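Each chain, written out:
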Amino acid sequence: MWHIAKRELYDNLNSLRFALATVLLLGLMLTNAAVYLHEQPKRTQKYNAAVTESVNDLTVRADSLYTLAREGPGLLYKKPSSLRFCAEGGEPFLPNVVGGAFLWSISGGLKGFWRLNYPSTTPNLTDIRPNVTKVDWAFIIGYVLSLIAILFTFDAISGERELGTLRLMLANPMPRYTILIGKFLGALISIGIPLTLAVLMNLLLISTSSAVQLGPDAWERLGIIFFIAILYTGLFLALGLLVSTCVSRSAVSLVILLLIWVTFVVFVPSTLASIAGGFSSPMSTDELWQRRGELYAKRWERYDAYFAERVERSKEIQFKGEHVIAEAEEQERVNEEHLAQQIDQVKFARRTTQISPIAIAQHLIESFAGTGFERHLQFLENTRTHARQFRKFIADTDSGDPESSHIIGIRQGMSEKPVSPAAVPKFEDTLNLNQDFNAAMMDLLLLVLLFVVLLSGAYLAFVRVEV
Amino acid sequence: MLKTLIGRELLDNLMTFRFAAAVFITLLLVVANTVVLLKDYEQRLTAYTTAVQESHEELREEKTYSGYGGALIVHRPPNPLSIFNLGLDKQVGNKIEVYHAFVPTIWDAEKHGADNPFLNLFTSIDIVLVFQGVLSLLALIFAYDALAGERERGTLRLVLTHPIQRGYILFAKYISAMLCLLVPLLISLLLSIILLTTSTKVALNTDDFLRIGGIVLTSLLYVSLFYLIGLCISAITRRTSTALMLCMFVWGVLVLVYPNLILTAVEITPKPDAKISVYNQIKQTWEEFEREKKQFIRNDAVLSRPSRGGEDMDAGFGLEGVEYTFWKDEDKPSILLYFHQTGLYAGKIKAESEPQVPHVQNYYNFYNRETVNIVERTWLVRKPALEAIYVQPANLGRMLLRFSPVGLYDAATEAWAGTDLKGIQDFFSTVQRHRRAVVDYFYDKKIFESRQWFAADKGTVDWDTLPQFSFQRSDTGINAKRALPDMLLLLTMNVILFMVILLIFIKSEV
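Order-wise, the sequence lines are chains V and C. Residues in the first sequence are numbered consecutively from 1, following the working numbering. Residues in the second sequence are numbered consecutively from 1001, following the working numbering.
You may find that some hints are simply not true.
Some chain C residues near chain V, calculated using beta-carbon distances under 7 Å [stated by the list, open to error]:
#	residue
1	1029
2	1033
3	1332
4	1395
Derived by calculation from the structure, the hints in this document are not laboratory data. Predicted, not measured: the structure shown is a model, and the values here were computed from it. We treat Cβ as the ideally placed atom computed from N, Cα and C, and that holds for glycine.
The following block holds chain V by itself, in its conformation from the complex (with noise of 0.2 Å):
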């Protein structure tokens, strides 16, 4: 088996197309680094500054608890992944923070309290500039990749075929599952090689640059992406052998292949994805609003049939209270179900284009590299978090001031005194690679199950074709 993999290795290395694919790969890598290089500062940069000034706000409002409160912990900002050069994940089309709205006046001449908020609006309508994919590994993996896989071993079997080495090949006493793992190898070998290299070359700008620190963690998460890609390489190369071992000419198989994979790599993941968001219609802006009005229309008209009686005044700084809270949580649970409905088709449609392989590739890359959909869902449980701390960080420091009466959401209700900024939780927005790992789990498996078919089809194929 080695022998025949070394064969393949040694024609490879020679050939054209080693050559070109090396240029090839290397040429992206290389202009993947610098450009990473070039913007990475840039972002973290901007990150910093806007959490310095969310920061800063926090410090404004925390001279009193109850305008802390009720004015919120400002913005929360998405922290820019370190491995984007790994995958953009449309990341500009996602909003990169989440905000909180607290209203001057409610019902009854009440202030609002702070609920979360999320912001709805496509965040690069002003962008004129045409329309293109990042050069990130995952483009350079997903696309190119598979390409160059399928221009190694469309004429594996075939080539030789017409060549007639095959017969002469299998004449020798070996069995037949021995010569195509052979060929696999080899093929997987010569793309791994430039591959490797090309990786090598891009990490090297990266980490010896002084603009951008990689982690351990991030390192772990490239050796599970570069795995990836390994897995996804072979994929294609299984691909390829199979539809050469059922083809007798090359050039035939070559046609079928690259329609197989202008299909399935470059159509079915935008166009089934168009179809199957088509199937749920999420509540629109507009319906959101509408719902947002009657709650509060309704919240209104239960303050005023309770004050429609006289009543103690206790009673009404308490009542007061849970009136401003409850309309908060009223309003933010709405905001909830309309981000809700809208993931869920968004949801739907990823899963729909997982029938390809290069949309299961890109959504790993993505999870790993920290950007995308999946590490948005992650951004947001995060804000969910803090507002829970948040929330209860209020209570708890508003329980510990004895001149409080402990009604939260009034002014006379609660503690007015200075709060320490240091004191109030910090927002965190933190990834967690074995979370990361066990949510694509799933992905992953099917890429290897699909792996596995194709290449256990290519054996059955080889083991019957006729020579």
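Starting from the structure of chain V, add chain C where the hints point.
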């Protein structure tokens, strides 16, 4: 003789597997995507009609003329030809406010019918994109063995023994392959047009069919260019497998890698310093105006009486019957938009305030006219700055894309469809003209200085005589003019490549 040659080549090509596969895959992709695009277009059209209706009603609810700010909104209809090339049709805003205090531009526009913004994560595929990827690939697949294959099989030698000029052979090959490639192109386009006409919502007129014709012509040039690239490779290589390999790499680089790589590598964003200085300049002009306004109020003995709120009009100049005062501000440094406007709404002005009313009218006359002047002045600074910040980088990007045939093809079809930057800008210049027309109407009817500007008690506001907004897509002639440079470039490349191949082929030994 030529006929026989073409006939032979045509039969050769038509009976192949690759031809069947080509037709099948193009049809599949085009039809599938047309269905998706059609649905998307219908949704956008519905959103547009609803939005127009809502804006219409919203404006009629306003009781004073000054209330038109924020209520007079125009919408950009979706372009039916965006099904062929989406261009910027979905990317930029389609809802824009018409107001005398700023000049509307692409960057001020928002989106009506807010759909799920997360859906932007999925790239949309239009018909031109399908052609761009699939037809170029097919052209190369048809071309790679045209010469190298015949040479390998030895048939080339046979053909050349006949007393035929080599140019004829080449020409016959070219014509027959193009005929074959035309089949999937035309059938799939026909199918998609049939699909379009079955939809009741898509109304294509004669001009649109001419534009589609332009797109077909451009597609032809594009496909032909890729066929010639393949033929060139086939002429210079000895073996078909090498030719095939080279063709695929060339395709990968031209179609897949180059466009994405070049726009990743070349950063096309402007310098932020220039932006800040222009913004500050605009802001300063407005702040100066604010001071002038205060001075005007101070000079008017009636308005500036301290009991009536003094310089600030927060108290509505002390008019009895003012229900609320409002201010309408925009402050967006990123798009150099800044303005500050104040106003008031009086439901019914009480009799004791009547003597004051002419003074307030006089004030608004000054304020509104001066606002319009300030807008004109700041626009002179804002316009070139916006060009420098947004348009120039975008044009540079498109320029760089043109180094690949893909970029030329995309730009030319975009121009035909009217979804290119110029096509979109046509809409916004119409909106700018509309704003001007509304302001002129206000001048003519003396609305800026009228009582109805701020009070709802005497005389009614008449929204129906307001200039109506209507937008017509540019003439086919203009589309053609915009597409022509790119088409000519494609044509030139075609001719040059053909000559090169001819030279190589004539000189080559068999």
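Next on the checklist: Run through the hints listed earlier and report the numbers of any the structure violates, in increasing order.
Outcome noted: 3 and 4
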